[in-house]
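Student: Next come the chains, spelled out residue by residue.
2 protein chains.
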Amino acid sequence: MEYADKVAAVERYVEAFDKQDMAIIRDIYAEDAIVEDPVGSDKHVGIEAVCAFYEGALGSGAKLVLSGPVRSAANTAAFPFQVKMGDMSIDIIDIFEFNEAGKVVSMKAYWGPENM
Amino acid sequence: MEYADKVAAVERYVEAFDKQDMAIIRDIYAEDAIVEDPVGSDKHVGIEAVCAFYEGALGSGAKLVLSGPVRSAANTAAFPFQVKMGDMSIDIIDIFEFNEAGKVVSMKAYWGPENM
Numbered sequence: 001m002e003y004a005d006k007v008a009a010v011e012r013y014v015e016a017f018d019k020q021d022m023a024i025i026r027d028i029y030a031e032d033a034i035v036e037d038p039v040g041s042d043k044h045v046g047i048e049a050v051c052a053f054y055e056g057a058l059g060s061g062a063k064l065v066l067s068g069p070v071r072s073a074a075n076t077a078a079f080p081f082q083v084k085m086g087d088m089s090i091d092i093i094d095i096f097e098f099n100e101a102g103k104v105v106s107m108k109a110y111w112g113p114e115n116m
Numbered sequence: 001m002e003y004a005d006k007v008a009a010v011e012r013y014v015e016a017f018d019k020q021d022m023a024i025i026r027d028i029y030a031e032d033a034i035v036e037d038p039v040g041s042d043k044h045v046g047i048e049a050v051c052a053f054y055e056g057a058l059g060s061g062a063k064l065v066l067s068g069p070v071r072s073a074a075n076t077a078a079f080p081f082q083v084k085m086g087d088m089s090i091d092i093i094d095i096f097e098f099n100e101a102g103k104v105v106s107m108k109a110y111w112g113p114e115n116m
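Each protein sequence line maps, in turn, to chains A and B. Using the numbering used here, you'd call the opening residue of the first sequence number 1 and step up by one each time. Using the numbering used here, you'd call the opening residue of the second sequence number 1 and step up by one each time.
One should not assume that every hint holds.
Claimed, not checked - Pulled a few chain A residues facing chain B out of the computed Cβ check, cut under 10 Å:
#  : residue
1  : Y3
2  : A8
3  : E36
4  : V39
5  : S41
6  : A52
7  : G56
8  : G68
9  : P69
10 : R71
11 : N75
12 : D91
13 : Y110
14 : W111
15 : P113
Derived from the structure by calculation, the hints contain no laboratory data. Just so it is clear, CB atoms sit at the ideal spot from N, CA and C, and this is done for glycine as well.
Chain A on its own, in the form it takes in the complex (with noise of 0.2 Å):
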């Protein structure tokens, strides 16, 4: 998988809460992808968990901000982002795992309340 691919799946990611559509979402993510955001809550397991997780999130109307540049090492995308949400931001830093057909098997998402 090429960088510019992950650059890719990223900006989808953006794309999607951008536009509310969850058809994105489901592109992104692999059949038996886990996402666990924050790291330490429980996780989602499967596309459908995942689909319902963000569901909740997209409605809320959160818009993500890049504040700096997607890193790749071996499978992985690694990128900074702000969530804005009306006068509140959350600086965050997202893990995505592809897997082989380029879907997102895995995606932890570090952040606490120290960070809002």
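Following the hints, complete the assembly by docking chain B onto the known chain A.
Tutor: For chain B alone, coordinates are given in the frame of chain A:
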């Protein structure tokens, strides 16, 4: 472990490079620490292997400049930074995982050739 303690560990990590001070590295990491830098490469397992790795890294004269806030979830700290070495700069995201004693047991560095 408080957020401030995690930030302090990250700041001491930056200081270790500034001062080329291996004593700080040895103090930050746990005996059973594992370092994977970049993710996907051979891991440095145990404090002696970790210190051998950093002797090279610190000896190179590389300096770290944080490029965003430290994100903290559960027992982790995630932080974006640049490594500066002469005219070269690399964008990196590191993930620290801490043990109950507040020592780093796992470090994973996310970067690739496209981040240079």
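Student: Compare the structure with each hint and give your call.
Tutor: To see whether the hints hold, each was checked on the structure:
Hint status for Y3 (chain A): holds, given a least beta-carbon distance of 4 Å to chain B, under 10 Å. The criterion of a C-beta within 10 Å of any C-beta in chain B is not met by A8 (chain A), whose closest approach is roughly 13 Å, and the hint is violated. Checking E36 (chain A) against chain B by beta carbon gives a least distance of about 9 Å; that is within 10 Å, so the hint holds. Interface hint status for V39 (chain A): upheld, as the beta-carbon distance to the closest one in chain B is roughly 4 Å, under 10 Å.
A cut of 10 Å between beta carbons decides the hint on S41 (chain A): the least distance to chain B is about 8 Å, and the hint holds. Below 10 Å, beta-carbon pairs count as interface contacts, and A52 (chain A) has none with chain B, the closest being about 21 Å; its hint is therefore violated. With 10 Å as the threshold, the beta carbon of G56 (chain A) stays out of range of chain B, its nearest partner Cβ sitting at about 19 Å, so the hint is violated. The interface hint given for G68 (chain A) is met, as the beta carbon of that residue sits about 5 Å from the closest beta carbon of chain B, less than 10 Å.
The interface hint given for P69 (chain A) is met, as the beta carbon of that residue sits about 5 Å from the closest beta carbon of chain B, less than 10 Å. Here the hint on R71 (chain A) is kept, as its CB sits about 4 Å from the closest CB of chain B, short of 10 Å. Interface hint status for N75 (chain A): upheld, as the beta-carbon distance to the closest one in chain B is roughly 7 Å, under 10 Å. At its closest, the beta carbon of D91 (chain A) sits 5 Å from a beta carbon of chain B; the interface hint therefore holds under the 10 Å criterion.
For Y110 (chain A), the suggested interface contact is upheld, since its CB lies about 4 Å from the closest CB of chain B, less than 10 Å. Using the Cβ-Cβ criterion of 10 Å, the hint placing W111 (chain A) at the interface with chain B is satisfied: the shortest such distance is roughly 5 Å. Contact between P113 (chain A) and chain B, as hinted, is supported at the beta carbon level, the nearest pair being about 8 Å apart and thus within 10 Å.
When held up to the earlier numbered hints, the structure conflicts with 2, 6 and 7 and fits the remainder.
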